[in-house]
Amino acid sequence: MDDLLREFVTETNESLDVVDVELVRFEQDPNNAVILNNIFRLVHTIKGTCGFLALPRLETLAHAAESLMGKFRDGLPATREAVTVILATIDRIKEILAALERDQAEPDGADTDLIADLERIADSVQAAAAPVHSGSTEQALGRPLRPGEVSLDELERAFRETPVDPQPVRKPKPAPVEERAKADLTKDDEAAKAGAQSIRVTVDTIEQLMTMVSELVLTRNQLLEIVRRHDDSEFKAPLQRLSNVTAELQEGVMKTRMQPIGNAWQKFPRIIRDLSHDLGKEIELELQGAETELDRQVLDLIKDPLTHMLRNSADHGLEKPAERRAAGKSSQGHIRLAAYHEGGQIIVQFSDDGRGLDTKRIKAKAIAKGLVSEADADKLNDAQIHKFIFAPGFSTAQTVTSVSGRGVGMDVVRNNIDQIGGTIDVKSVAGQGACFTIKIPLTLAIIAALIVDVAGNRFAIPQLAVVELVRARKGSDHRIERIKDTAVLRLRDKLLPLARLSRLLGIDGKDEIDGGFIVVTQVGSQTFGIVVDGVFHTEEIVVKPMSSKLRDIPMFSGNTILGDGSVIMIVDPNGVARSFGSTVVSQMAAAERTQPQRLEKSDDDTTSLLMFRAGSSQPKAVPLSLITRLEEIDARKIELSNGRHMVQYRGQLMPLVSMTEAGVKREGAQPLLVFSDGQRSMALVVDEIVDIVDDHLDIQVASATPGVLGSAVVKGSATEIIDVAHFLPLAFEDWFRRKDQTQRRRQHTVLLVDDSPFFRNMLVPVLQAAGYAVTAVGSAQEALALIDQGRVFDVTITDIEMADVDGFELAEALRADPRCAQMPVIALSSQVSPDLIERGRRAGLADYVAKFDRQGLIAALMEQAGLGDAA
Amino acid sequence: MNTDSEQVFNEYVTAMVGGQLFGLPIRRVQDVFLPDRLTKVPLASPEIGGLINLRGRIVTLVDLAYRLGLSRRSETSMAIGVELAGESYGLLIDSVGEVMNLDAAALERNPINLDPRLAAVSSGIYRLEEQLLLVLDVDRVLAIDTSAAAA
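Going down the list, the sequences are from chains A and B. Take 1 as the starting number for the first sequence in the working numbering and just add one per residue. Take 872 as the starting number for the second sequence in the working numbering and just add one per residue.
Source of the hints: derived by calculation from the structure; they are not laboratory data. Quick caveat: nothing in here was measured; it's all calculated off a predicted structure. Glycine included, every Cβ here is placed at the ideal spot set by N, Cα and C. Some hints here could point you the wrong way.
[To be verified] Ranges of calculated distance between the beta carbons of each label pair, as one might list FRET restraints:
(1) D1010/B - A448/A: 37 to 43 Å
(2) D1010/B - Q259/A: 35 to 41 Å
(3) R908/B - A338/A: 54 to 60 Å
(4) G506/A - R908/B: 54 to 60 Å
(5) D986/B - K637/A: 55 to 61 Å
(6) E969/B - L209/A: 36 to 42 Å
(7) A990/B - E207/A: 36 to 42 Å
(8) R908/B - A448/A: 55 to 61 Å
[Unchecked claim] If you want a taste of the chain A side facing chain B, the calculated C-beta under 10 Å gives, among others:
(9) I451
(10) V454
(11) I568
[Unchecked claim] Footprint (simulated), chain B over chain A, 3 or more residues, beta carbon under 8 Å:
(12) 428-437
(13) 542-556
Given only the sequences and the hints, what does the whole structure look like? Please build it.
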């Protein structure tokens, strides 16, 4: 296509988008001359260019629209009808532009219908407008007109309507308007200046630049690596400069890819205007944070989901005015769209004050679609049921309307958001509205990733999905349990399904999970553990698209070149999540268990119970949180010693306690429930472990039987709830006395200050495993607040690079406070240089440890505070 | 210009794979390199030899011997760099030979009993003095069915 023509099409399309938005604003605020002038200017430019390029059809249309808008400037009220016709004209112009782009020529056809409409409205007003003016106060004079005088407006119109004048816009204006015009002129000047300072660059050019910069970064990294091996290299200083410039260059190029999210919203006011008309609803749209910037690529991908959600909100969410008034709300519905940055992510919130999600209908539909059984559905709370709207093939509209419900539902929205590594969640209160929260990464091009090792191969896992890192080893707090053949991780009060990355990827690796690392990962509402052999470090990686020959592999989302020049694959947490292959319900139930629900009512609190059988056929249950481990041992290994059953377990003799006379099996596998406290363990002998269920623990009948707290209805059947406290002394008479002793031996307390949740999550388990009681906070202010509250810690570990108050300042503040002047402060930093160490010494830091050196941190803790391994 | 009598020559980069001589149209060949620090891709189709970083670009290596149903002869392989649809590929070969300038008129059709896997990617055969040279159609060599890998 002709360059000139192409530029015209691009520019005109952009201008029309603006006109669209501005017109809707103008309709609501018809007295705002600034908006009108803006629209006028844009349409006028289009008209002018069309004439220049010999595009008569466009020119005629633009001219007719411009004439009508000219009337608006003369005081004609912007009626709905008038605006609708102008919008229709703009749509027509867009159609012609699309054809123009395709065929490089204006399509045949006439627009007499629209032009007739435009002229008709323009004429009708002219007649109506004149008498209004004659009676009103003449603004320029400040008094009513005397007989015989002609208002400036009239005069102006007379001038404009004389055929000699082809350019009504350039006419001098009457006094009251002049001031505004001046303001507009300066604005125009600024706009013109801004225009001269920006140039149009194709996306390809930017992508190309991005690739080059990535390569430059890589080369720089390799150079740095070489220089690091040679002490006193003369290259050091210039290389440092090169390094800084490269980093700035990278940032600069990244910036060129950023666009305000408002670009994706541009059409929204128009959509809402048309929708409220079509649906007979009154809708107010509030847009906040349109200037929030994000990567172009991400922007393109969320445009459609957001548009879809807007339509959904307007169609399903908001009620008709009568219905709203009946419910005691204002007849005007409100949709609010807000975007803001939060921790390297963009949060987009979509809320309306409509009727909220229809829980009953969602439930019925989920059952009808076979997503959940009726029995299971009854056990789900509202929030869990609401999540079904994200399930594939789900659409709540009862009727297929032209607005939504075309077979595309929230599941498609969720899919699109999943694709860019984002998450979506919904909260809804019946009668008050629904709020969707979308979290999306700022950019897809550069992400922080955790580099892991699987049988000698390295892989990257996007940090955004990583919740924490857990070391799986014998004797640690976090244990791996097996329920039948499924491995799960008991992490604090959660049970997480585990998947070995080596098995998912079909690599031969160790099958033993102990000793590996568990990357606790969250995708949407699903939390699970990915088991890897080792964890190296985190690295900012430049994501490169995968070869088309590899795109069908669901486990990978891309690949990258690491700083050392090697290529590695990026694991797609979504793919791993899907590999669990469980039904939607169990995923949701599992997720619910791990996520506290804010909307949940208190009587919805459920407890995870382990169901088992021992002795009688009546099921028994014990709260899962009390159990340390589930074991199945060979019955022949059980020894009888001193009249008691014992088993050798992890290098110790563990007593077995039987609940009934039935007692211990003679052969086969004997299931055990292991309870531990400190170094000691005991096991309860059971016949069969049945299930793990979540239910309300509501003991209805207290029991007189020792060892049984009472009976409760669990999963529909009467279940005995076991009193663990009864059995513990049966194993060790001193069980509770010993406990007092451990409590007397006070655990050493550590205050951990780090503004990165990732590091907090990573370090807390490390420190806990080493035997410290850890309090973690996200900022120096929070740390100081704790000290102010009178909290006392044995030692403080702080990150150096923190926003607002950094680690040095925190150390100085602590040093100045007499309450904690003696408390050692250990600093964590990703960079360690002699300068920093010196600065740290002056701030009173006791030690300085590199961020990833966990062993070093433990050693520093022991040395500095004289705190031995407290475990 | 005397087009009637003038011979048209095609230039080929020749390569040995599993003891067989192949020729690739020189226009399609970007470069020849020694694949270094290869990254295996789990779950990929067996034709995919892995990925390497070639001057900042990620190149997908295709195990040509596997693709052609031959057995690789040498351990240290070379790769011929080609491009398709903006993506870089490296065809793993045993060794690279000389560039040959062959008369287009001498290109013969594939014999009908040629192994179907070879016939599927070959656009013809030259009878050289010592051996046969199979001309590879790069597009067809890279038409790898990846749907099986996803399963």
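Hints, one by one, checked against the model:
Checking the proposed 37 to 43 Å range against D1010/B and A448/A shows it holds: the Cβ atoms sit about 39 Å from each other. The beta-carbon spacing between D1010/B and Q259/A, approximately 37 Å, falls within the hinted interval of 35 to 41 Å. Distance hint check for R908/B and A338/A: the Cβ-Cβ separation is about 47 Å, which falls outside the suggested range of 54 to 60 Å. Separation of G506/A from R908/B is about 22 Å and departs from the stated range, judged on CB atoms against 54 to 60 Å.
For the pair D986/B and K637/A, the supplied restraint of 55 to 61 Å holds, since their beta-carbon distance comes to about 60 Å. Between E969/B and L209/A the beta carbons are some 39 Å apart, a value that agrees with the proposed interval 36 to 42 Å. Checked against the given bound of 36 to 42 Å, the beta carbons of A990/B and E207/A, roughly 39 Å apart, stay inside it. Distance hint check: the CB atoms of R908/B and A448/A are about 23 Å apart, inconsistent with the given range 55 to 61 Å.
About 13 Å separates the beta-carbon of I451/A from the nearest beta-carbon of chain B, more than 10 Å, and the hint is not met. The restraint placing V454/A at the interface with chain B holds, with a minimum CB-CB distance near 9 Å, inside the 10 Å limit. The criterion of a C-beta within 10 Å of any C-beta in chain B is met by I568/A, whose closest approach is roughly 6 Å, and the hint holds. By the rule of at least three residues with a Cβ nearer than 8 Å to a Cβ of chain B, the coverage given for the region 428-437 of chain A is violated, with 0 such residues.
As drawn, the region 542-556 of chain A meets chain B at 11 residues by the rule of a beta-carbon pair under 8 Å; at three or more, the given contact holds.
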